[in-house]
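What follows is each chain in one-letter form.
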Amino acid sequence: MKYNRKLLKLVPFAVISTLALSACQSTKVQRIDANQEVALSDKWNGKDSQLVSEAMVSDMLSFPWVNDHLKKEGTRPAIIIQSIRNKSHQHIAVDTFLNDLKRAILRSGQADFVANKEIREEIRDERKDQELNASLETQNEMGQEQGADYALSGTINSFVDQQGGTRVTFYQVDLRLIDMTSNREVWNGQKKIQKLQERSGYGF
Amino acid sequence: MGARIKKAVTLFIILVQTSLLGACSITQFNQLSPAQLAQQGNFVQAKQNVTQSYNKNGNDRLLYHLEMASLLQLEKNYLQSNEQLALALTLIESFYTQSISELALVQFSGPTYSTYKGKAFYLPQIHIMKALNYNALAKLHPDNSEHYYDAALVEMRQLDVFLSQLKEQTGGYDKEQHDDFLAKKVYQILKPIFAPTDLLENIDYKDDAFAHFLSGVLFEQSGEWDSARLQYERAMFMYENGFAKQYKLPEQISEQARFGLIRMMRKAGGYDNELRAFEPTRDDEAKQSANVTLVQNIGIAPKRKQLNLMLRANTESKALVMTPILLGNYKERQAQMRWFQMLHADTSLFDMMQNYMLGDLGDVAMGALTKRLPLGPLWDDAVRLGIVDALQFGARISVTYLEPLDNQVKYSEVWLNGQPITTLLPYHSVSLLTLQDALKQANAEIHSALSREIIKALSARKALHKAGLEQNNLLGNLAKLTTTVVNAITASADTRQWQTLPAEIRVAQISLPPGEHDVTIKTYFRSGHVVEQSEHITANNVMSLWHTRTFANAPNEQTSLTNSTLNME
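Protein chains in written order, with the working numbering: chain A, 92 to 295; chain B, 113 to 681.
Each hint can be trusted.
Some chain A residues judged to face chain B by a derived CB distance under 10 Å, without partners named: (1) Arg176; (2) Asn177; (3) Ser179; (4) Ser249; (5) Gln254; (6) Gly256; (7) Ser291; (8) Gly292; (9) Gly294.
Using C-beta positions, here's what the derived DEER-type ranges look like: (10) Gln157(B) with Lys283(A): 45 to 53 Å; (11) Glu205(B) with Asn279(A): 31 to 39 Å; (12) Glu205(B) with Gly238(A): 41 to 49 Å; (13) Gln157(B) with Arg215(A): 43 to 51 Å.
Keep in mind that the hints were calculated from the coordinates and are not lab data.
The beta carbon of each residue, even a glycine, is placed where N, CA and C say it ideally should be.
Using the sequences and the hints, build the whole thing.
Here it is, written out as structure tokens:
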């Protein structure tokens with residue numbers, strides 16, 4: 092009985108000590124799979140970028156424009172990315188999303204990409220340099236670039252609804268593909284993501 | 113002999129407490145604050161000061177990031193400034209979950225031992241500062257301007273999410289503000305406890321008209337007419353419905369927001385009926401075609417300081433009595449007295465009569481110097497609980513007060529080609545916002561400080577009782593002295609604040625022909641000092657936003673035409 096009382100007296104001390112020790116836990120880092128989602132908040136993350144790009148590219152390539160182009164031209168269509176504007180309420184690394192899009196299209200083997208304006212200019216400078224400094228056998232000619240057949244552009248939008256510690260965030264990605272010869276919109280795709288975040292008002 | 117010893121000990125305690133209180137009146141920054149150093153252009157020392165005063169991982173980590181962000185912005189290091197602001201936003205987000213263990217710790221120590229979580233009005237200021245930084249980056253890097261302008265708009269959208277929530281909680285400014293009847297009723301009921309006057313009416317931070325206006329400018333700059341129109345419209349209604357009155361801003365500014373709204377309606381098209389209703393005059397036409405917005409942040413917001421009070425139990429009138437202990441220089445002592453009289457002292461007729469009825473004639477005259485909390489039938493409970501005994505040597509209570517507002521600016525003008533073309537008008541008063549926040553918190557703060565110090569005094573007495581030192585002998589009194597002194601040391605008011613915030617934000621919208629222009633802002637201070645800041649700006653057919661920070665005590669070299677461009681971007 093006496094032993095039990097002593098034990099009971101120790102309980103609060105043990106609880107406080109455990110809490111104190113848990114608060115003193117040092118930083119811990121571990122290596123995890125890049126495809127594994129670690130959602131610490133409802134912000135747009137790498138997994139969202141990957142999932143949206145895969146879903147949109149799959150939808151884009153399922154439209155008839157790819158086969159139509161193959162039949163007409165006999166070559167794979169070449170696409171250029173014009174601009175993807177971030178009109179959401181989150182800072183989204185648009186370049187990362189664009190790279191995910193490009194990888195998904197190239198992996199499908201059904202279309203090619205043309206470098207954007209800045210990269211094209213850098214390559215042209217390099218070719219100019221080759222004309223002066225490279226041997227004739229290894230020089231690349233000017234004026235042999237592949238022109239883009241289609242232009243890809245779009246926007247990322249978002250809405251937020253919040254009540255106390257509960258927040259619903261809705262992301263919508265809209266992309267469109269324009270035929271650069273006829274200005275026809277050959278594809279228009281949309282992907283939506285909804286995230287729910289719940290936070291507690293109190294904790295230890 | 114015993115009585116003489118007790119008297120001597122009491123005298124000694126008063127001396128020790130007074131010297132301790134004197135020591136406590138020293139502010140966190142022993143010399144010049146980061147804001148004061150920044151206004152002298154001494155950014156290196158200002159940053160060192162921040163690093164020394166705030167721990168990046170400690171309770172003041174939010175202030176570390178906020179002060180650093182302000183200083184980096186003044187240094188034109190916009191990217192790093194935004195990195196600091198992003199860290200501050202992440203911290204504020206994490207503060208949503210309150211730590212129960214920390215709340216318990218505060219109850220036995222003081223608010224200064226807790227994590228500083230900032231004020232509600234900091235969040236809009238952070239988003240505004242980030243947006244201005246992105247705007248400046250866009251101007252510095254024209255090749256990448258679209259990315260930076262988009263990033264500025266992301267900040268405005270996040271701000272909109274926050275303000276929508278704030279409006280939902282407070283009601284915002286949808287309707288014209290009248291006397292706050294509910295608040296009046298509540299304070300009437302609380303009057304016997306604390307006696308604030310009607311200065312506590314309509315001082316809630318409900319929404320932010322300036323944030324909406326700036327949002328409108330940024331959306332207009334990016335050609336998003338609909339979003340800009342909505343933001344200008346919100347700003348216009350808010351300024352009209354009470355925001356301008358609450359922050360003592362000129363009436364013309366709602367007109368400015370209206371011009372923005374008309375401009376957006378014309379650009380978007382399809383608003384002919386609405387435009388007819390506005391009936392613009394010829395004079396208005398020029399203002400509606402504005403294509404340059406100049407935002408001027410002036411000065412430093414007023415400082416939060418510590419007001420010390422002595423709490424005693426008066427057995428004769430069966431009341432707890434609080435008396436301010438005025439410390440510091442003449443100006444500070446005066447400010448402390450006025451703050452106490454304004455918010456806490458027995459200055460109402462009700463209090464005077466109450467003091468008279470309690471037979472405390474001294475306090476009828478001294479009402480302005482004391483706050484009496486009559487316990488009435490609760491007095492016996494207070495004795496039984498040991499409160500009266502615990503307050504034998506008094507207890508120190510510390511609350512914050514705000515230094516008086518000092519409006520140093522007479523007026524501020526925009527000059528072009530050697531001619532003044534318009535005046536920059538005050539669009540927001542961060543000083544009044546800080547003051548109203550301090551007033552709003554004053555009652556809650558004194559309430560919690562009072563209960564905290566009583567709990568601390570009681571706990572100390574219980575510990576003495578258990579140790580067998582609760583006797584009226586020299587040893588007992590010395591033990592009580594020790595506990596009183598320890599409590600006095602830990603009873604500090606929370607004077608922490610974002611010190612580098614501006615005191616006032618002024619705006620001018622002008623119409624310039626497309627091309628390059630040299631624009632000068634001349635700020636005339638009441639001291640006679642004139643600060644000139646010039647910038648080479650590019651005007652386009654669409655709106656362009658330019659921002660500057662002006663300090664009253666800027667050194668002469670900063671005021672010269674060549675060096676004054678330091679701050680402007």
